[in-house]
Amino acid sequence: MELLIVLIIGVLTACGVYLTLRGRTFPVVLGLTFLSYAVNLFLFAMGRLTVGQPAIIDPRAAAYADPVPQALVLTAIVIGFAMTAFVIVLALKARAELGNDHVDGRPAP
Amino acid sequence: MFAVAYSLRFIHDVFFNGEPIGLGKTPHEPPRWMKAPMEVLVVLCLVVGIFPALTVEPLLNVAVTGVLQGPPPEYNLAIWHGFTPALWMSLLALVGGGWLYSGRRPLFAFYERYLERIEAKVLYEGLLQRLFALAGVLTRWFDTGSLQRLLVVTISAFLVLGVAGFIGAAMPLTGPRGLLPVDGMSLLATMILLATAIATVILHRQRLVALVLIGVVGLVTTLIFIKFSAPDLALTQLSVEVVTVVLLLLALYFLPQHSPLESAPVQRIGHGLLAVVAGGGAAALAWAVLTRPYDTIAGYFLANSVPGGGGANVVNVILVDFRGYDTLGEISVLALAALGIYAMLERLHLDSPTRDADGRLWDGELHPAIMATLARLLLPLALLVSVYIFLRGHNRPGGGFIAGLITAVALITQYLANGVGWTHARLPWNMHLLIGLGLLIAAFTGLASLGLGYPFLTSTFGHLHWPLVGDFELASAMAFDLGVYLVVVGATLLILIHLGLIHQNRLPKDGGWAKGSVQSTDKR
Amino acid sequence: MHLLFLICLPFISAVVVAAISRLGRSQAVWLAGITPLLSLLCLFPLAKTPFTGHTLIQRVNWLSAVGLDLVFYLDGLSLLFVLLILGIGFLIVLYASYYLPQQDRLGRFYAYLLLFMGSMLGIVLAGNLIQLLICWELTSLTSFLLVSYGYEREEARTGARMALTVTGAGGLALLGGFLLLGHIAGSFELAVILAAGDTIRAHPLYLPMLLLILLGVFTKSAQVPFHFWLPSAMAAPTPASAYLHSATMVKAGVFLLARLFPALSGTPEWAWLVGGTGLLTLLLGAFFALFQHDIKGLLAYSTVSHLGLITLLFGIGTPLAAVAGVFHIINHATFKASLFMAAGVIDHETGSRDMRQINGLWSYMPYTGVLAMVASAAMAGVPLLNGFLSKEMFLPKPLMRPPISTLVGCCQRW
Chain S
1 MELLIVLIIG VLTACGVYLT LRGRTFPVVL GLTFLSYAVN LFLFAMGRLT
51 VGQPAIIDPR AAAYADPVPQ ALVLTAIVIG FAMTAFVIVL ALKARAELGN
101 DHVDGRPAP
Chain B
1 MFAVAYSLRF IHDVFFNGEP IGLGKTPHEP PRWMKAPMEV LVVLCLVVGI
51 FPALTVEPLL NVAVTGVLQG PPPEYNLAIW HGFTPALWMS LLALVGGGWL
101 YSGRRPLFAF YERYLERIEA KVLYEGLLQR LFALAGVLTR WFDTGSLQRL
151 LVVTISAFLV LGVAGFIGAA MPLTGPRGLL PVDGMSLLAT MILLATAIAT
201 VILHRQRLVA LVLIGVVGLV TTLIFIKFSA PDLALTQLSV EVVTVVLLLL
251 ALYFLPQHSP LESAPVQRIG HGLLAVVAGG GAAALAWAVL TRPYDTIAGY
301 FLANSVPGGG GANVVNVILV DFRGYDTLGE ISVLALAALG IYAMLERLHL
351 DSPTRDADGR LWDGELHPAI MATLARLLLP LALLVSVYIF LRGHNRPGGG
401 FIAGLITAVA LITQYLANGV GWTHARLPWN MHLLIGLGLL IAAFTGLASL
451 GLGYPFLTST FGHLHWPLVG DFELASAMAF DLGVYLVVVG ATLLILIHLG
501 LIHQNRLPKD GGWAKGSVQS TDKR
Chain V
1 MHLLFLICLP FISAVVVAAI SRLGRSQAVW LAGITPLLSL LCLFPLAKTP
51 FTGHTLIQRV NWLSAVGLDL VFYLDGLSLL FVLLILGIGF LIVLYASYYL
101 PQQDRLGRFY AYLLLFMGSM LGIVLAGNLI QLLICWELTS LTSFLLVSYG
151 YEREEARTGA RMALTVTGAG GLALLGGFLL LGHIAGSFEL AVILAAGDTI
201 RAHPLYLPML LLILLGVFTK SAQVPFHFWL PSAMAAPTPA SAYLHSATMV
251 KAGVFLLARL FPALSGTPEW AWLVGGTGLL TLLLGAFFAL FQHDIKGLLA
301 YSTVSHLGLI TLLFGIGTPL AAVAGVFHII NHATFKASLF MAAGVIDHET
351 GSRDMRQING LWSYMPYTGV LAMVASAAMA GVPLLNGFLS KEMFLPKPLM
401 RPPISTLVGC CQRW
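Chains as they are written, first to last, in our numbering: chain S, 1 to 109; chain B, 1 to 524; chain V, 1 to 414.
Source of the hints: derived by calculation from the structure; they are not laboratory data.
All figures in this text were calculated on a predicted structure; none of them were measured in a lab.
Where hints are given, some of them may not hold.
[Said to hold, decoys possible] Facing chain S, from chain B, some residues (calculated, C-beta under 8 Å): (1) 176; (2) 203; (3) 207; (4) 244; (5) 247; (6) 248; (7) 283; (8) 289; (9) 296; (10) 339; (11) 340; (12) 350; (13) 376; (14) 392; (15) 491; (16) 495.
[Claimed, not checked] Computed spacing ranges between beta-carbons, pair by pair: (17) 211/V - 140/B: 31 to 41 Å; (18) 123/B - 179/V: 23 to 33 Å; (19) 370/V - 92/B: 33 to 43 Å; (20) 269/B - 3/S: 20 to 30 Å; (21) 106/S - 186/V: 51 to 61 Å.
Built from N, CA and C at the ideal position, the CB exists for glycine as well.
Bound conformation, chain S alone:
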């Protein structure tokens, strides 16, 4: 199971890096979204993987998943959304001001 998660993190990172290296704003935003998935999963995995033991106090539960990374990732997801929104609006603004959507603000030669 760990192997699958590792694979997912790796592929998401690779996709994110490749897309952020593109020359247009929209793919870069998608790439950042990918990277935030990867980072969130990575942080979440720092608490190791546990199946079927949510961190909700219950006298019958034998063990719990680590709640600390979960709390971190929860806010990270929300802030990730805010940052995505910020970047995409920045991209819109750049498009409006510069007339194109190249990341360097200049059309391709």
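Dock chains B and V against chain S, hints included.
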């Protein structure tokens, strides 16, 4: 001697030496009180000079004790020591200074001819200019104005540094921790995720397709959170996913639908290699961590969640209670991001495209009747769910973040289905107010505990018996969570509504959307 | 009465002054003038301790976990500087209200001035090095604000930037030096450091530490070759020059020399570095002062020269020389501040600071002329005035080490 000479020059040149030259006004004595500070100081000079032992000696003694950290040495402050060598030298200096000043004209000429340019200031300015030039060269060397190049450099540097850290460490990559068994469903989900992720990259130039595919990636991520005992995360991720896709869709409307193929094949292969190495690095790191046992600080939170925070959902209790400070900071960031976006959107002029990428006119039917009706029906239900999720957040998966997102999704659905104008007429709240209120409530909860003598953001809780509902727990952290809820709702709606409004504002006034002049919006 | 209150008072009243100055000019003047008087009043009950031969040390819990507390240290040297800062500060406030143009609301100027006053008090009352450094940097910043007060003028901006660059770079060096010193002494607290002089002097890191600290001191006190910022900073309004560039800020470097005197002095390195720089500054400053045409420029170079003299005295390293140094700090503050004020009066009345233009003012303003004459006589070291006394102290007894003393003796009278 020079001291004497320049003192002489100061007095002689200013107060004597002929008449003033080329002054705009006639000077006269300054106002009475402007002279008073000078008088005080000059009198001090005189008094200290004539009666040193009476005036300055005690203070000097004490100060010297401070300097030496011990008793001051023997010395004698008196105006007259007899004809000591010091006195003679002073007199000599006075005479010499006078002589020097009287012969100043050749001296001045000499100075202006040879020495005026010799100044440390020149050295300083030269040094400063060199530094600026160096900074300029370095900056231009790294930053050629190309973001892609800069990113390649940055990521490569990260990778090199990361790999360098592991070179020489004789540690196996795989640790001793036992692995969980793989089941079929997980395998399937992983395959779907990997396939869609790779497909997104391959098809990324068709932006709409890529957006849909990335939505799938997000949904599978939600499933991963469910699988590995993180229901709160799954709920958050699900609602954020919805909001994100709506956001990107709205933005995509104003952007070209396709990305042109610009990079040379070599460049793309290079980027691909870099991406694969980065992905491999992240995977290796994750693998190394996941296969090793660890010590967690979760024990404290798990043990104190119910007795200390009064909630069974440890994740939520950490957010609103144990680490309330962090959360306060995070919602502030959220609020700031929303306000920043608002500011950027305010004067934004973007032409609304009238046709889609394939040249078809956008549908003039703005709000399909079935969707509008359904959305209106769903609204109370969705709000009820969000209230439920909010209230139970302390003990079961849920809480302010998630409830806020659900409310936001419910309201955004109204905007999507019925249009901004319709919804705005029925929901005339100012989102800025909502954000501010939320932040204030959250901060005030903290201050209240400060006012009661506890540290900032200490929470308390009690149980309340409600008729019909039964025993109900009320924690002060709930007020904090309410603040979180309001900020999340306000920020999300502020962003999306204003993104939607630019398109609404740019609609051609007459003739509606479908009949708008067909113009290429791509001003390139 | 707590020393922390003494330091905070100017900061608080700076904010209030900035806020109430829109009510009117006189309110700002009153508040800004009352602040140093009130502080002096607060100081009064505390001032007894140094006179009984003890040091007043007060502490406030700050970062106890890393062994850092806010420590306030009031001994004779601090007391002297506090008196200078507050006393001359009060006179400057009074003076500035006449100097600055009537349409200026003064709020901004007084707010900066009070901020500076607070930072300066922070330096002289600091009981640990970190605190001292923070206030040290604060004085650099506030002096930047004061010099650039007339920011419409190009020279004000240049001068302010130059002062900030030089003193800021020196502050950075000082930080390095303080970290080394703290490492050597095992504590950042002044009381510990002053008692550990022998350990510090014997440590292998002594020389780099000394160099870094001296870099900080020399930049702040405008020693050659870092002196050039002081004449450029004369673009400041004259009250600020009189306060910063004669009585207080440039003395901060000298203060630090005096403060760390028991811990660092007494080595050949100290004597040659401090003494040599002081000597060079003394000579070059005096030489260049003669050729200035700007009256404030002349005073600035003369300040450079006098600071060199004080540095030289501390560099000599004997107790008697230290006495002379401290004495000259007091005297220089009194006569140089009054001379700057006189220069300000002349500038104010004639609209010019060029000595080739302003001549023969005796017939227009004889009273100011008398004041300026007495002050410059003190500066020149004429008998019956305080400048003479402190200059005379340099060579009374063969107490100084022979080679340096002869050199100093010759140069002083050169």
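How the hints compare with the structure:
A least Cβ separation of about 13 Å between residue 176/B and chain S goes past the 8 Å threshold, and the interface hint is therefore violated. At about 11 Å, the closest approach between the beta carbon of residue 203/B and any beta carbon in chain S exceeds 8 Å, and the interface hint on this residue is violated. For residue 207/B, the shortest C-beta to C-beta distance to chain S is roughly 5 Å, which falls under 8 Å, so the interface hint holds. Taken as an interface hint, residue 244/B checks out: its beta carbon lies about 6 Å from the nearest beta carbon of chain S, inside 8 Å.
Interface hint at residue 247/B: satisfied, since its Cβ lies 6 Å from the closest Cβ of chain S, which is below the 8 Å cut-off. Because the beta carbon of residue 248/B sits about 6 Å from the nearest beta carbon in chain S, less than 8 Å, this interface hint is met. Hint status for residue 283/B: holds, given a least beta-carbon distance of 3 Å to chain S, under 8 Å. For residue 289/B, the interface hint holds, the least distance from its beta-carbon to any beta-carbon of chain S being 6 Å, beneath 8 Å.
Interface hint status for residue 296/B: upheld, as the beta-carbon distance to the closest one in chain S is roughly 5 Å, under 8 Å. The restraint placing residue 339/B at the interface with chain S is violated, with a minimum CB-CB distance near 10 Å, outside the 8 Å limit. Hint status for residue 340/B: holds, given a least beta-carbon distance of 6 Å to chain S, under 8 Å. For residue 350/B, the shortest C-beta to C-beta distance to chain S is roughly 5 Å, which falls under 8 Å, so the interface hint holds.
Because the smallest distance between the Cβ of residue 376/B and any Cβ of chain S comes to about 26 Å, over 8 Å, the interface hint for this residue is violated. Against a cut-off of 8 Å between C-beta atoms, the interface hint on residue 392/B is violated, since the closest Cβ of chain S lies about 11 Å away. Given the 8 Å rule on beta carbons, the hint for residue 491/B holds: about 7 Å separates it from the nearest Cβ of chain S. With 8 Å as the threshold, the beta carbon of residue 495/B comes within range of chain S, its nearest partner Cβ sitting at about 5 Å, so the hint holds.
Hint check: residue 211/V to residue 140/B, Cβ distance near 35 Å, so the stated range 31 to 41 Å holds. The hinted range of 23 to 33 Å is satisfied by residue 123/B and residue 179/V, whose Cβ atoms lie roughly 28 Å apart. At roughly 26 Å, the beta carbons of residue 370/V and residue 92/B sit outside the given window of 33 to 43 Å. In this structure the hint that residue 269/B and residue 3/S lie 20 to 30 Å apart at CB holds, the actual value being about 28 Å.
In this structure, residue 106/S and residue 186/V meet the distance hint of 51 to 61 Å, their C-beta atoms being roughly 58 Å apart.
Hints 1, 2, 10, 13, 14 and 19 from the list above are not met by this structure, while the remaining hints are.
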